[in-house]
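Undergrad: Take the given structure of chain P and dock chain B with the ligand to it, following the hints.
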Amino acid sequence: MPLDPQSIRQDFPILKRRLPGDQPLVFLDNAASSQRPQSVIDAMTDCYENFYANVHRGIHTLSEESTAGYEAARVTTQQFLNAASQREVIFTSGTTAAINLVARSWGDAHVTADDTILLTICEHHANIVPWHQLAERVGCRVEFLLINDDYSIDTETVAEALQRLQPKLFAFTATSNVLGTVFPVQQWAQLAKENGATVLVDAAQAAPHQAIDVQDWDADFVIFSGHKVCGPSGIGVLYGREALLAAMPPFLGGGAMIDRVTVDGFTSAELPEKFEAGTPPIVEAIGLARALQYLQDTGLNEIARHERDLAAAAEQQLRDVEGVNLFGPRQSEKAGIVSFTIDGVHPHDIAQWLNLRGIAVRAGHHCAMPLHEHMGLTATARASFYLYNTLDEVEQLVDAVKQTREKFARSGRRRRRSSISSSSS
Amino acid sequence: MISVDFHHFLVSIAFLPAMASVSSSMPSEQDIYEEHVLDHYEDPYNRGELASATHADEGKNPLCGDVVQVSLRLAGDGKVEEAFFDGHGCVISQASASMLMEEMEGKTPEEVKDFTAEQMLELFGPQLTPNRQKCCLLPWRVLQSALHSPLEEDEADDDAAHFSGPSLSEEN
Ligand SMILES: Cc1ncc(COP(=O)(O)O)c(C=O)c1O
Numbered sequence: 001m002p003l004d005p006q007s008i009r010q011d012f013p014i015l016k017r018r019l020p021g022d023q024p025l026v027f028l029d030n031a032a033s034s035q036r037p038q039s040v041i042d043a044m045t046d047c048y049e050n051f052y053a054n055v056h057r058g059i060h061t062l063s064e065e066s067t068a069g070y071e072a073a074r075v076t077t078q079q080f081l082n083a084a085s086q087r088e089v090i091f092t093s094g095t096t097a098a099i100n101l102v103a104r105s106w107g108d109a110h111v112t113a114d115d116t117i118l119l120t121i122c123e124h125h126a127n128i129v130p131w132h133q134l135a136e137r138v139g140c141r142v143e144f145l146l147i148n149d150d151y152s153i154d155t156e157t158v159a160e161a162l163q164r165l166q167p168k169l170f171a172f173t174a175t176s177n178v179l180g181t182v183f184p185v186q187q188w189a190q191l192a193k194e195n196g197a198t199v200l201v202d203a204a205q206a207a208p209h210q211a212i213d214v215q216d217w218d219a220d221f222v223i224f225s226g227h228k229v230c231g232p233s234g235i236g237v238l239y240g241r242e243a244l245l246a247a248m249p250p251f252l253g254g255g256a257m258i259d260r261v262t263v264d265g266f267t268s269a270e271l272p273e274k275f276e277a278g279t280p281p282i283v284e285a286i287g288l289a290r291a292l293q294y295l296q297d298t299g300l301n302e303i304a305r306h307e308r309d310l311a312a313a314a315e316q317q318l319r320d321v322e323g324v325n326l327f328g329p330r331q332s333e334k335a336g337i338v339s340f341t342i343d344g345v346h347p348h349d350i351a352q353w354l355n356l357r358g359i360a361v362r363a364g365h366h367c368a369m370p371l372h373e374h375m376g377l378t379a380t381a382r383a384s385f386y387l388y389n390t391l392d393e394v395e396q397l398v399d400a401v402k403q404t405r406e407k408f409a410r411s412g413r414r415r416r417r418s419s420i421s422s423s424s425s
Numbered sequence: 001m002i003s004v005d006f007h008h009f010l011v012s013i014a015f016l017p018a019m020a021s022v023s024s025s026m027p028s029e030q031d032i033y034e035e036h037v038l039d040h041y042e043d044p045y046n047r048g049e050l051a052s053a054t055h056a057d058e059g060k061n062p063l064c065g066d067v068v069q070v071s072l073r074l075a076g077d078g079k080v081e082e083a084f085f086d087g088h089g090c091v092i093s094q095a096s097a098s099m100l101m102e103e104m105e106g107k108t109p110e111e112v113k114d115f116t117a118e119q120m121l122e123l124f125g126p127q128l129t130p131n132r133q134k135c136c137l138l139p140w141r142v143l144q145s146a147l148h149s150p151l152e153e154d155e156a157d158d159d160a161a162h163f164s165g166p167s168l169s170e171e172n
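Read top to bottom, the protein sequences are chains P and B.
Okay, so the first sequence: first residue is 1 according to full-length UniProt numbering, each after it adds one.
Okay, so the second sequence: first residue is 1 according to full-length UniProt numbering, each after it adds one.
Next up, chain P with everything else stripped away, as it sits in the complex (with noise of 0.2 Å):
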């Protein structure tokens, strides 16, 4: 059943909020971080108001209960990653952390001056700069796949780079936070695994919207971020492979994380725990559980289907727009991500007048400099949709980038010219 918008606006209190003159709020800048429902503000207030307490140390009734509610949030991150097992489930602070995390402990002690690293052009800084920090530390050499003109990258092109560079670990985006590019990880995976490489997938703007089964993938580490996932910020979540894990040594040293501490050293805990090192985001962990069972009620697939009929609808409305240029892959390999240029145009500005319009939508180069620099454009403006979009919401923004185009195009105005400036007050 297809899923009905307006209903779903319902749930999500932020939607009714109005801007300047009275406009309302057009949120189109859900890839940079999502809104959240009713639910989850009230699963959160609850834990606050009801049953607060640090985890995993009091032996009173709130850390119990605590306890279990955060354990609780384990599993069913767990479920929606069809995990083998909670242990396989650490809670980081975000996206960022957890790949810093996987950098710092798995690269230091399996990476040497002799690896590569292979990435691809289409990644965020945060799956970017930690290999490059590794690289700092360790001497190995990091590699980029390109991005075809087509804004892909061929099964092919990937099957070779790995043969050729041989790569210790192939970490990749499962969808392009710019271009909404989704790759096959499943197979690309397959590939790496044929040569022996170890496989990260940076999931931040999958999980929003798809099912994501880590097992079916065969990926070690998959990760994402709870502020995405309609979940609360501060915290994210790293899948790794137990055997993976627990072979890694410890990152963040401190609470929790020990089994036992005395003046000469330390022995670490079990997984996971192992991994999260002092008090954990235990609101937040029941906020995402709240979130990760919302969207799947809702329907993940229903949810996909949804942002991906609006951003075609955008695309193919704005692809008639005199000076609009669009960036990313046909329609069918598509997240609900559109970016685009107005020649003539600086996207700060797009993004400012769209604001005017009370319309949100993100101008720069997204954390992906390289990509930008790849195609040639310093900054794109990119309006990315979620489940409680409408097709009404696409509309006012075509017609506000168009009124974008007339205000900006040059009409031969002059300065005045006289050397006394008029401060305007």
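Since the hints were derived computationally from the structure, they do not count as laboratory data.
Hints are all accurate, no fakes.
Covered stretches of chain P, as calculated for chain B (at least 3 residues, CB under 8 Å):
(1) 341-353
(2) 358-368
(3) 372-383
(4) 406-413
Now the in silico label distances, taken between C-beta atoms and shown as ranges:
(5) P:Gln10 with B:Gln119: 48 to 58 Å
(6) P:Gly21 with B:Asp39: 21 to 31 Å
(7) B:Glu35 with P:Ser7: 41 to 51 Å
(8) P:Arg319 with B:His88: 21 to 31 Å
(9) P:Gly253 with B:Arg47: 47 to 57 Å
Where a beta carbon is used, it is the ideal one built from N, C-alpha and C, also for glycine.
TA: Just chain B with the ligand now, kept in the frame of chain P:
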């Protein structure tokens, strides 16, 4: 090459997004793009490279990757005889560069140094949100460092290394 982030010292209290009620005090974009600003954008003052420059530098806005170059010719008496800017960017950064070049010609290095970020925002006119203040202040920041970046190999005169400006930071 410098990078700019003014977030920490220029976020004016009025823009701190604490409550929903803050919305009424946010500037309207219609005002940002007032005629005066668009005029400078379309018909900039001294845009291009200054062949006879004695001082020059370039800077980048890490938020969007925009680059601005400023080249200056300081006269024998030390005054800014000519000030040119180049680069590409949004309406705000291009218009503010144009206004700044116009304003700075004829000034002594001390006067340029004393021209504060607040004064730059005032010169620009329309109120800007903290993120757009970065765009507006990029040319000002590059101007300040250009003043310390002589083009001659006159190392003794080069005190650019001692310039302590705001720290750099990246978009998050
Ligand atoms: C593909 C991708 N990877 C990583 C990240 C970083 O996620 P976070 O900022 O939650 O750590 C993002 C978010 O912008 C993303 O889109």
